[in-house]
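Could you build the full structure based on these sequences and the hints that come with them?
Read top to bottom, the protein sequences are chains H and F. Take 1 as the starting number for the first sequence in full-length UniProt numbering and just add one per residue. Take 1 as the starting number for the second sequence in full-length UniProt numbering and just add one per residue.
Rather than coming from a laboratory, the hints here were simulated on the basis of the structure. All of these numbers come straight from a predicted model, not from anything done at the bench. The beta carbon of each residue, even a glycine, is placed where N, CA and C say it ideally should be. A hint or two may mislead.
To be verified - Computed, partial: chain H to chain F, Cβ under 10 angstroms:
#1 Lys31
#2 Phe79
#3 Leu124
#4 Tyr128
#5 Ile130
#6 Asn131
#7 Met152
#8 Gln184
#9 Ile186
Claimed, not checked - The calculated DSS-like cross-link candidates involving lysine-lysine, where the alpha carbons are at most 30 angstroms apart (straight line), are:
#10 H:Lys16 / F:Lys146
#11 F:Lys55 / F:Lys31
#12 H:Lys53 / F:Lys113
#13 H:Lys80 / F:Lys31
#14 H:Lys31 / F:Lys217
#15 F:Lys192 / H:Lys113
#16 H:Lys113 / F:Lys113
#17 F:Lys61 / F:Lys4
#18 H:Lys4 / H:Lys69
#19 F:Lys113 / H:Lys55
#20 H:Lys113 / F:Lys146
#21 F:Lys24 / F:Lys8
#22 F:Lys31 / F:Lys146
#23 F:Lys192 / F:Lys69
#24 H:Lys93 / H:Lys16
#25 H:Lys80 / F:Lys24
#26 F:Lys92 / H:Lys8
#27 F:Lys69 / F:Lys31
#28 F:Lys69 / F:Lys99
#29 F:Lys192 / F:Lys173
#30 F:Lys31 / H:Lys217
Unchecked claim - Covered stretches of chain H (in silico footprint by chain F; criterion: 3 or more residues with CB under 8 angstroms from a CB of chain F, positions within the stretch not fixed):
#31 59 to 72
#32 111 to 123
#33 222 to 233
2 protein chains.
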Amino acid sequence: MISKQQQKYVQSLHNKKYRTEYGKFLVEGEKGILEILNSDFEIENIFCTENFKEKVPTDTKFKAFNICKEEEIQAISTFKTNNSGVAVVNQKKITTTPKVTENQIVLILDDIKDPGNLGTIIRLADWYGINDLYCSQNTVEFYNPKVINSTMGSFTRVSAHYLDLAPFIDGLKVPVLGAFLGGQNIHHLSLKKPFGLVIGSESHGISPEIEKLIDTKITIPRVGLAESLNAAVATGIILDNIFRDI
Amino acid sequence: MISKQQQKYVQSLHNKKYRTEYGKFLVEGEKGILEILNSDFEIENIFCTENFKEKVPTDTKFKAFNICKEEEIQAISTFKTNNSGVAVVNQKKITTTPKVTENQIVLILDDIKDPGNLGTIIRLADWYGINDLYCSQNTVEFYNPKVINSTMGSFTRVSAHYLDLAPFIDGLKVPVLGAFLGGQNIHHLSLKKPFGLVIGSESHGISPEIEKLIDTKITIPRVGLAESLNAAVATGIILDNIFRDI
Chain H
1 MISKQQQKYV QSLHNKKYRT EYGKFLVEGE KGILEILNSD FEIENIFCTE
51 NFKEKVPTDT KFKAFNICKE EEIQAISTFK TNNSGVAVVN QKKITTTPKV
101 TENQIVLILD DIKDPGNLGT IIRLADWYGI NDLYCSQNTV EFYNPKVINS
151 TMGSFTRVSA HYLDLAPFID GLKVPVLGAF LGGQNIHHLS LKKPFGLVIG
201 SESHGISPEI EKLIDTKITI PRVGLAESLN AAVATGIILD NIFRDI
Chain F
1 MISKQQQKYV QSLHNKKYRT EYGKFLVEGE KGILEILNSD FEIENIFCTE
51 NFKEKVPTDT KFKAFNICKE EEIQAISTFK TNNSGVAVVN QKKITTTPKV
101 TENQIVLILD DIKDPGNLGT IIRLADWYGI NDLYCSQNTV EFYNPKVINS
151 TMGSFTRVSA HYLDLAPFID GLKVPVLGAF LGGQNIHHLS LKKPFGLVIG
201 SESHGISPEI EKLIDTKITI PRVGLAESLN AAVATGIILD NIFRDI
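Here it is in structure tokens:
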């Protein structure tokens, strides 16, 4: 059961304003909640159906499940259909920016705006064992429900650091690659870690201010006529090439 | 200006039922409408702002622009914000399935459900010069506004053929690859066109019925912990590898 007050509170977390004010976010659906139960995130509350509860491994530490009817879950979820549950989770306070150590690829996002793209890039980072993303201040919010959902659970293993990109890149002291049209063919790269990789925004690519700080412009070879690729797809293709070579 | 009746008609095309009944679909926003004006699609009507109209090249054949206020465009658009326009366009009647000729990659989609993923795959096909997609009957509709929008104009150069996949693949008479977890590493493939490539659905991968018809299972090598990749991202990585090798 969920009270009127709880319902109002969870619904308020659909909005960034209240997520930031309360320092909470929502994890929705079976896959996401099972991942969060298995992570080091602090869970405030889980509203779920009896049916979902039965899928939770019995040795899970969290016990205080709040069993609800499907209609109740639906009313507090951002999903079109959700018959599993909604978890209210504490945002992690990230106070320090991790140092770029050897053997690291520094993945930098310059104004990615689409939540689905950011979520897909987080999932990709997790696939390639990259634990940290460095995002411009105008990149979409990590805790946006659409971002969380499209990570397919990878948000539990990848952190996003929001910062002023120009001074960050300037201080990196490693070569920085950037995805452009008309750069060096990624099939013929010869790379040595550590290095930085900048992915630009969906509509404008890498901003002029950041372009000045790029050491090597790289490009995915094109056969046909499309003007560009989706930002997350381009990130995936570049990462596959990077991990083929080093 | 747009009449009440026209408004109701365009809004009805937000729904698949009416798109199918009338054989029409919507193209929205600056990029999409400029691409459609430059294609062989038949345009029934374009509702647009004065501001958009000024961006149309003067030698464009289509002339009957219906100039509207921004609020009028917003009222008929599926976009959250649209200050350019909405075009009503005739669906193409696809009556024959193109033959698989030499030098061709037959890209096959087994139940892709997310419109953003289908749109992104159409954009990818266009990037790699693949003009035809072969889709299971349960793949999301090509003319869904979210599909059209996420192709970024590539829907004008790529056709989707909806068919029963099993007999189609069975009759292909070329080797068929399929994306799986635990298949052959795509970095070590040796390929010779023509061949087929099957991409499975977001939640269930390639269906058991189609799996039986796959000659070679292929896999994108993984470094980290994510269980899987987004379907469109996986398609992009595989296509980049295919076009590197042949």
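For the pair we were handed, Lys192 of chain F and Lys69 of chain F, check the Cα-Cα distance against 30 angstroms.
violated (54 angstroms)
Holds or violated: are the alpha carbons of Lys16 of chain H and Lys146 of chain F at most 30 angstroms from each other?
holds (24 angstroms)
For the hint on Tyr128 of chain H, just tell me whether its beta-carbon gets within less than 10 angstroms of chain F.
Where the cut-off is 10 angstroms and the nearest Cβ of chain F is about 5 angstroms from Tyr128 of chain H, the hint holds.
Hey, does the Ile130 of chain H contact hint survive, CB to chain F under 10 angstroms?
holds (7 angstroms)
Hinted pair Lys69 of chain F and Lys31 of chain F, Cα distance within 30 angstroms
holds (19 angstroms)
Assess, step by step, whether the Cα of Lys69 of chain F is no farther than 30 angstroms from the Cα of Lys99 of chain F, and give holds or violated.
Cα-Cα ~46 angstroms, so violated.
Interface hint compliance - Met152 of chain H to chain F, C-beta minimum distance less than 10 angstroms:
Given a least distance of 7 angstroms, the restraint on Met152 of chain H holds.
Using 10 angstroms as the Cβ threshold, decide whether Ile186 of chain H counts as touching chain F.
holds (8 angstroms)
Taking 30 angstroms as the top limit, are the C-alpha atoms of Lys24 of chain F and Lys8 of chain F close enough?
holds (14 angstroms)
Can the restraint linking Lys113 of chain H and Lys146 of chain F be considered satisfied, given a maximum Cα separation of 30 angstroms?
Holds, because 17 angstroms separates the two Cα atoms, which is no more than 30 angstroms.
Keeping to a limit of 30 angstroms between CA atoms, is the pair of Lys55 of chain F and Lys31 of chain F held or broken?
It holds: about 11 angstroms lies between the C-alpha atoms, which stays within 30 angstroms.
Holds or violated: Lys80 of chain H to Lys24 of chain F, with C-alpha atoms at most 30 angstroms apart:
With a Cα-Cα distance of about 26 angstroms, the restraint between Lys80 of chain H and Lys24 of chain F holds, given a limit of 30 angstroms.
The structure is inconsistent with the numbered hints 2, 8, 15, 23, 26, 28, 31, although it conforms to all the rest.
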